[in-house]
Every structure is written in structure tokens, then in C-alpha cells.
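Here the protein sequences come in this chain order: A and B.
Each residue of the first sequence is one higher than the last, beginning at 1 in the working numbering.
Each residue of the second sequence is one higher than the last, beginning at 1 in the working numbering.
Rather than coming from a laboratory, the hints here were simulated on the basis of the structure.
What you were told as hints is all true, and nothing was included just to trick you.
Pulled a few chain A residues facing chain B out of the computed Cβ check, cut under 8 Å:
#1 Asp37
#2 Gly112
#3 Ala113
#4 Ala120
#5 Ala158
Pairs of lysine-lysine, DSSO-like flavour, derived with a Cα cap of 30 Å:
#6 Lys6(B) <-> Lys132(A)
#7 Lys245(B) <-> Lys46(B)
#8 Lys271(B) <-> Lys132(A)
#9 Lys132(A) <-> Lys272(B)
#10 Lys117(B) <-> Lys245(B)
#11 Lys85(B) <-> Lys46(B)
#12 Lys157(B) <-> Lys85(B)
#13 Lys85(B) <-> Lys239(B)
#14 Lys271(B) <-> Lys6(B)
All C-beta atoms in this analysis are idealised placements derived from N, C-alpha and C, irrespective of residue type, glycine included.
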Amino acid sequence: MSEILKRPIPLLITFVVGMLMVLEYFFTVPALTATYDTVNTWRVILYACVYLGTINLLLLHGRRVMRRDPGQWYYSAWLIVMIAAYAVLGLVWGVDSMNYRWMIDNVDVPLGATMYASLAFYMASGAYRVMKVRNLGTGLLLLSAFLVIIGNTPLFPATWEGFATIRNTIFDTFVVGSYRAIRFGVGLGGIALGIRTLVGLETGYMGRRE
Amino acid sequence: MSLWDKLEAVPNWVLYILVLLAMAYPIFRPLGLPIVVGGPSQEAYKAVDATPEGTYAVFHIAYGAGGKPTLQPAAVAMSHHLFEKNLKVIYFCDNAVDLANIWGIFDEVSPDTRYGKEYGSDYVVLSLTGPFLTQAAVVLSNLLETIPTDARGQSLKGMPMFQGYTETEDINIVCQLTTSGDISEGWVYQAVSRYERRLVGGWLSMMTSSMIPYYQAGQIQGFIDGSKGAADYEVLTNKPGEAVKITDILSLTQVVYLLFIIIGNVGYFGKKYMGGGK
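Produce the complete structure using the sequences and hints provided.
Below, the structure written as C-alpha cells:
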């Protein structure tokens, strides 16, 4: 019985649900569409796993604090304190309360903004040190990058709109062409993976097998 | 150390100070540079503008804390436009940070006092849980049956804006602002391919190259391209705000980048051809 539960039944469920998704896309059958919509909304239930993740996180970092792992335990302790603080604020006052918003606006937003803003410095250093015309390939890369930066910088198109036109032309030709090729590759790979999953040749989603 | 070596090896701290100055200067002395509105922003504006009054717009906010400085001004400008057009707006997000961002939008837009809009009659906020593609499908196909309450716990079915509401007919346009490639592409799959709605996007500039094929193919009606796109939308709605202020910072900082790329190359070639470099 356990062998049936481990492999054939999950494979059968995958096949039935997968075929439902595929058939619904190609055929207009009301019953099929209704079943598709219902099954689609069931996936919300799977999100309950996030709570298991939180428990796992607390156990992992709780152990580090208990063991006083050198150089780590105080970070773990701080993580637990912050999880508790957010949980208490959210559960007691609600996530749309002013208290919760104060935490978001004064902790999350500045930290997130700082992380993104620090990229400006690294990008400046990276561009200065790496973007050099060492050969034809890097020359072309530098030229296109230079023109795109100029087109993206509001100052330049404000002085001559042609800068924006050049930038848009690069995007509309080279960039779109390249990305379409990537998309086609990803799409074909996705179709192949989907077919292999439907017929039971790809079973990685069922977890590692001994 | 020769001049060419020095040009090629400017210390990071010098570079960082100059970038910092380029960022800080316009804060104290705004340059007031003119803004040339880009084509995608204009198309996004036209798409929202062409939405019939009284129909529904879904507005997905998904930029978290990191994307807030770039995309919140766009969300504010677009919200002004949605309320001016008398659309019924369904805001939605899937986490507490974006929920706070949405309340922040209302603080700036003041839909109740400025546009005479009422929560529950003209706009609503949903806080959903689940994988994104499912959320999008639920909002566009089966909202009232799947999601009983809004972010405040009030019943959706009891709200005036949902009396006589049918998802398949009433939702006319989907607007989304996100820092996630999966979400921006996911909306193309769900809103455009699956449910045949018009879609307007907005994201960080670095995502534009991966999303522009969808715009060229007509699947995305228009889009907001980072801070510059947000500034464009503020200009188009005649509500200059944070994004317009950021434009000066963007200009000066990128000029510093360009100057240093040139300096680095001058040093490289000088050393190669005149300084005995390899």
C-alpha cells in the first residue's frame, strides 16, 4: 500500500491535474473551465507551508541561541526577537494598524532602500573598472551600454530627443531579439519538462528518492 | 605611478564620495531639468485613460520595502489617474509591507477628500495569501466566492462596489507595479493570455529589457520604467511629486558614471599606447 501511495498515486494526480490544465487552455468547455478554476484556487491551501517554515526557522535559531554558537547566537536571538515583535504587533493591533505600519515604515523600508541604494556605489565602481575597450566585443558592449545609459539619463534626452530614440532603437532591435531567443529556449524547455512530468519521467517534484 | 596609472586606479572612496555628492546636491539645489515623457509611459497613461468610467481596475502592488522609493511615486500618480477616471479600484497585495505601502498611497492621494471616493463603494484593499499565479486567477475569475473579506476583515459581498459585480465582464484593466520578474511576467500569462484583460505594468529599470518583448507584442499596453517612468507619469497626470525630484539625482549620478567610464578608458589606452603598458 505504501508503495502505491509513494509513487503511482502522486503520478496519477499529476497526470490528471496536468491534463486538465492543458485541455482547458485549448478547448472551451464550461465544465472544464469550472473545474480548472476550482483546482486553481486549491493551491492557496499549499501556502500554509509558510507557517511550517516559520516554526522550522524558530527551532533552528532557537538551538543556536541555546548552544551559544560563537559569532552567531546574537544574530539568531535578534531574529527571534524581531519575529516575535512583528507577530505580537500583527496579532494584537492588526497588520493595518498604525503601530504595525510604523514598524514597516521605520524598519523594513529604510533597510530595503539602503540595500538598493548601496548598489549605486558598487555599480559606479564596477562600471569604471570593468567597462574598458579591450577588444571588439567589449568595445561593442561598451558602446551599447554607453548609449543606453545616455538614453536613460533624463538630462540627455531633455537636451536632444535623439538620445532617447537611439536607446529605444537598441532596445527594440538587439534587446528584444536576444530576449525572444531566450524566451523561445525557455519555452521549449518548459514544454519538454511539462511533457516529461505528465508522463511520469520527471519525478524530482516528489522529493529525493533513496 | 604615471598619469595613466592614476587615471586607471582612482580609489573607490573618491568614486563613492563623488557619487554621494551627485546624489545629495539636487536634494538641496534642485536643477529642475525638463522631463521628456517616454513612449511606454504615454501608452500606459493612454490605456488607463481609455478605460470606461465605472468599470473596475485591478491594481497590484508588489514592490515591498526595497522597491518603494522607485515605485511608490508611480503608484501614487497612477492612483490619482484611476480615481480621476472614476474607476472602481481593487487594490491588492500579498504581504504586510505592501499593505502598508497601499495605505501610504491613500495617505498621499486622499481619495476620500480629494476625489469624493468612499472605501467599499469606490475602492477596496485585498490582502491575499497563496502563490501569485493563483492569486491573479482568483482576482480575475472567482473573487467573491474565493475571498470572503477585504484586508480589514469586512465582507466583500456586502460592499456597495460589488453589488451586481461580475468578474468576467467588469474588470477592464489590470495595473501592476512590481520588483519581481515572476510577477510582471505572471500577469501577462494570467491577465492577458488566460483572462484577456488589458495590462499596464511598472517595474525597476533593470527589468525592462526582459519585459519589453511583451510590450512590443502588444500584450502589455504600456509600462512605467523605474524612476524615470514614474516621473513621466507624474508629468502626464500633472501631479509632480517624489519621482520628478528623483529625476535630477538620476541625471547627475549617471553623468558621474559616464565620466568615470571615460576616465577609465583614457587611462587604459594611455597606458597601452603611451605609458608602456602591456
